[in-house]
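Heads up: the sequence lines are chains A and B, in that order.
The first sequence begins at 1 in the numbering used here and counts up one residue at a time.
The second sequence begins at 1001 in the numbering used here and counts up one residue at a time.
Some clues are possibly wrong.
So the derived label-pair ranges between C-beta atoms look like this [said to hold, decoys possible]:
1. B/L1164 with A/A191: 40 to 46 Å
2. B/A1025 with A/E76: 43 to 49 Å
3. A/L73 with B/F1112: 28 to 34 Å
4. A/R78 with B/C1135: 47 to 53 Å
5. B/W1116 with A/E83: 22 to 28 Å
6. B/T1120 with A/G23: 16 to 22 Å
7. B/G1157 with A/G154: 31 to 37 Å
8. A/T12 with B/A1025: 23 to 29 Å
9. B/G1017 with A/S72: 29 to 35 Å
10. A/S254 with B/L1164: 24 to 30 Å
11. A/Q255 with B/G1017: 50 to 56 Å
12. B/T1120 with A/T62: 46 to 52 Å
13. B/I1141 with A/A7: 41 to 47 Å
Some chain A residues well away from chain B (every beta-carbon gap over 10 Å; in silico) [stated by the list, open to error]:
14. S106
15. I123
16. N126
17. G144
18. A191
19. V205
Keep in mind that the hints were calculated from the coordinates and are not lab data.
Remember, it's a predicted structure, so these values are computed and weren't measured experimentally.
Virtual Cβ for every residue (Gly too), placed ideally from N, Cα, C.
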Amino acid sequence: MSTPLRATVQRTALPFLVLLSAGIIVLGKADQMVLDSVRVGVTDALAPALDVMSRPVAAVGTMIDRVHGVVSLYRENRLLSEENERLLQWQQSALKLSAENKQLRSLVKAVPEPAIRYTTARIIANSGGAYVRTVMIDAGSGDGLARGQAVISGDGLVGRLTEVGVRAARVLLITDLNSRVPVVVENSHAAAVLAGDNSDRPRLVYLGTSGEVRVGDRVVTSGEGGIFPPGVAVGVVAAIDGGVPRIEPYADLSQIGYLMAVDYGLSGGLPQPVPPVTPANRRRKGNVAEGAVR
Amino acid sequence: MAERVFSLPALPRVPSGAGRLLPSATMVFATLIAVIPVRAPGYAALTPAFSLMAAYHWTIYRPDLLPPFVLFAVGVAEDLLTGGPVGVSALLLLVARAAVLNNRRYFVNRGFAFVWAGFTILTAIGMLGLWAVHCALDMTILDFRSTLFRAVLTIAGFPVASFLVGRAQRALIGPWPIGAR
């Protein structure tokens, strides 16, 4: 490159890139789906590096858990023995109810429920910032994951898959500002929407009357909208702030190392990213799913 | 005016390829470690802005080795990786570079406390700007506390980051370019 040309490029590169960044922000705001395929590509490409880099930190976490486990061995053993006795009683009830349920289903010729498929994956990245609550996991479409599937931990609902690459996928946590989950308060059967606001305790909105909700009430998914199946445990009403109930999720999102993506065989998942319109696929445009639910 | 703001100073040539790649490599590394999951309550939201630390350090000491397109690429990759609105981190890093480059002569050959004070001002303004951009994009007033704590952690973490990057710089590039302003 000649010297005057190089000097011109040097002088104009910074303002040009500042404008380009601002342009991309506006473009991304106007149409989120445009950048989704790029996101999936970058997620996939960087997944191996993130997998390697997150392993030492995960190993330290496991080691701390082990030391903690050894220290509290006696107390934990006693608690688990008690819990085991309780659960054995529950098991008897469950087996009885399951047999009864099966009999009744055959009597009324009910359609069998689809088999539920779980895929366990490790968290390899978090969102690292104050404005987004997502995590990345080391499983993708190659492992049977699909956009829209619910993601749970052993304790309860964690979020749902919003981007799925071949090797990695992104989970939008229920605490994210853009997360909306149709739920029902178990005691009063009041339907509501669990809306994240980037805090640790998402809010219950679109609730008929707030008087129907009390601190300590259990909240589960309602299944409306077809993205989540009904009855998945979400959390418990922890406080009512100025008439707005706040939910403490059962899943402690800061302490989770592994997650399970759950394929309930539901058809109402999120639409796939829309491919750009080219003359070749313009004819098929009518068939392309429109709109985005993030 | 624009010529003075965005033109680069003449700095000694770096013979080793590793040395020339060090600033870009630091930026990539800073972006990746920011998203590593650490099982500590609230850490994800308060992760220090490692890439801003690296961008500040290199813009003061070797802006010639960290071209704006690297900042742009790293910023865009950071947003794609974290799931945030694409372009916001790139904008922050590029504006930070413009601001630091414009005032670079005050920082070169000054004590660390002065450089740290500069970073404090940059982080405070940068985090406030970031908060304002996110509020505008989400069309709501976001809770400012996590932004504030993140800014504090970023400022508090800068001496360690600067020490480590400084050691790598001395090993691969050489000492500060005394007198080069």
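Using Cβ atoms and 10 Å as the threshold, tell me whether A/I123 really stays out of contact range of chain B. About 5 Å separates A/I123 from the closest Cβ of chain B, which leaves it inside 10 Å; violated.
With respect to the beta-carbon atoms only, verify the hint that B/W1116 and A/E83 lie 22 to 28 Å apart. violated, 52 Å
If you check the beta carbons of A/S254 and B/L1164, does the distance land in 24 to 30 Å? For A/S254 and B/L1164 the Cβ distance comes to about 26 Å; the hint holds.
Holds or violated: the 29 to 35 Å window for the beta-carbon distance between B/G1017 and A/S72? violated, 52 Å
Just tell me: holds or violated, for the beta carbon distance of A/T12 and B/A1025 against 23 to 29 Å? holds, 26 Å
Beyond 10 Å from chain B, beta-carbon-wise, is A/G144? holds, 22 Å
Evaluate the given range 31 to 37 Å for the C-beta pair formed by B/G1157 and A/G154. holds, 33 Å
Reported absence of A/V205 from the contact zone with chain B (all CB gaps over 10 Å): Fine: 13 Å to the nearest Cβ keeps A/V205 off the interface.
Beta-carbon spacing of B/T1120 to A/T62 - inside the hinted bounds 46 to 52 Å or not: violated, 37 Å
Just tell me: holds or violated, for the beta carbon distance of B/A1025 and A/E76 against 43 to 49 Å? Since B/A1025 and A/E76 have Cβ atoms about 45 Å apart, the given range 43 to 49 Å holds.
The hint says 41 to 47 Å between B/I1141 and A/A7; measuring C-beta to C-beta, is that right? holds, 44 Å
If I claimed the Cβ atoms of A/L73 and B/F1112 lie 28 to 34 Å apart, would that claim hold in this structure? violated, 48 Å
Going through the hint list in order, the structure does not satisfy hints 1, 3, 5, 6, 9, 11, 12, 15 and 16.
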